[in-house]
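K.L.:
Residue numbering for the sequence shown follows the working numbering, starting at 1 and increasing by one per position.
Incorrect hints may appear among the rest.
[Said to hold, decoys possible] Subject to a maximum C-alpha distance of 30 angstroms in a straight line, what follows is the list of computed DSSO-like cross-link-like pairs (lysine-lysine):
id	residue 1	residue 2
1	Lys74	Lys7
2	Lys137	Lys112
3	Lys133	Lys74
4	Lys133	Lys112
5	Lys112	Lys7
[What the hints assert, rightly or not] Simulated DEER-style distance windows between Cβ atoms:
id	residue 1	residue 2	range
6	Leu85	Leu121	33 to 43 angstroms
7	Thr14	Leu129	38 to 48 angstroms
8	Gly87	Gly15	21 to 31 angstroms
9	Thr90	Ile4	24 to 34 angstroms
10	Leu27	Thr134	43 to 53 angstroms
11	Thr134	Ile4	17 to 27 angstroms
12	Glu86	Asn12	20 to 30 angstroms
If you are wondering where the hints come from, they were derived from the structure by calculation, not from laboratory data.
Quick reminder that beta carbons are idealized off the backbone N, C-alpha and C, glycines included.
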Amino acid sequence: MNGIVVKATRDNVTGTDKGYFLSGITLVSPTVLNVSYYDDYAFMGTNGIPASTDANFKYDAETGYDTRYTASAKTFLTGTLTARLEGNSTPSYLCSVMYFDHAGRLTTVKHKLNTDSIVTLTENTYDELGRLKTNKKNKQSAMIWSVSGENKTR
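Let the hints inform the model, and build the full structure from the sequences given.
P.N.:
Structure representation (structure tokens):
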């Protein structure tokens, strides 16, 4: 492969290349190990990733964060697809979606493995100054942070 230039262009098509079109090389029966999606949520609904309208995977409006800001996702990692290899069988995939607010701050991270239930791993809220106000991990309230004046308490 010395001197070969391979280019991957995102096309959001369901297939072996998991939403990318490869030029400069032909692969026979490839197994994609990891795919990263940036800038938008157009990858949702393809390659085993639930659609953005899926009730459990879609953006959940939070008070004060009632819009999914796709423009603010530019340059951010918005999703991943990671292979889970198990012997000689077809790999299963863990998909993750990250949501951001109007200021580009991470608000929600959701994960799903094949047909398993969707899990919300992280839910963040921010105060008027942009400081982290609450941080829930896997919907556990024991992990909530709160901001009070100049002090941050756990």
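K.L.:
Look at each hint and say if it fits the structure.
P.N.:
Quick rundown of the hints versus the structure:
1. Lys74 x Lys7: holds (21 angstroms)
2. Lys137 x Lys112: Given pair Lys137, Lys112 holds - Cα atoms ~15 angstroms apart, limit 30 angstroms.
3. Lys133 x Lys74: Roughly 24 angstroms between the alpha carbons, so the hint for Lys133 and Lys74 holds.
4. Lys133 x Lys112: Given that 30 angstroms is the threshold and the Cα spacing comes to 26 angstroms, the pair holds.
5. Lys112 x Lys7: holds (28 angstroms)
6. Leu85 x Leu121: 33 to 43 angstroms: Between Leu85 and Leu121, where Cβ atoms are some 22 angstroms apart, the hint is violated.
7. Thr14 x Leu129: 38 to 48 angstroms: holds (43 angstroms)
8. Gly87 x Gly15: 21 to 31 angstroms: holds (23 angstroms)
9. Thr90 x Ile4: 24 to 34 angstroms: holds (28 angstroms)
10. Leu27 x Thr134: 43 to 53 angstroms: holds (44 angstroms)
11. Thr134 x Ile4: 17 to 27 angstroms: violated (49 angstroms)
12. Glu86 x Asn12: 20 to 30 angstroms: holds (27 angstroms)
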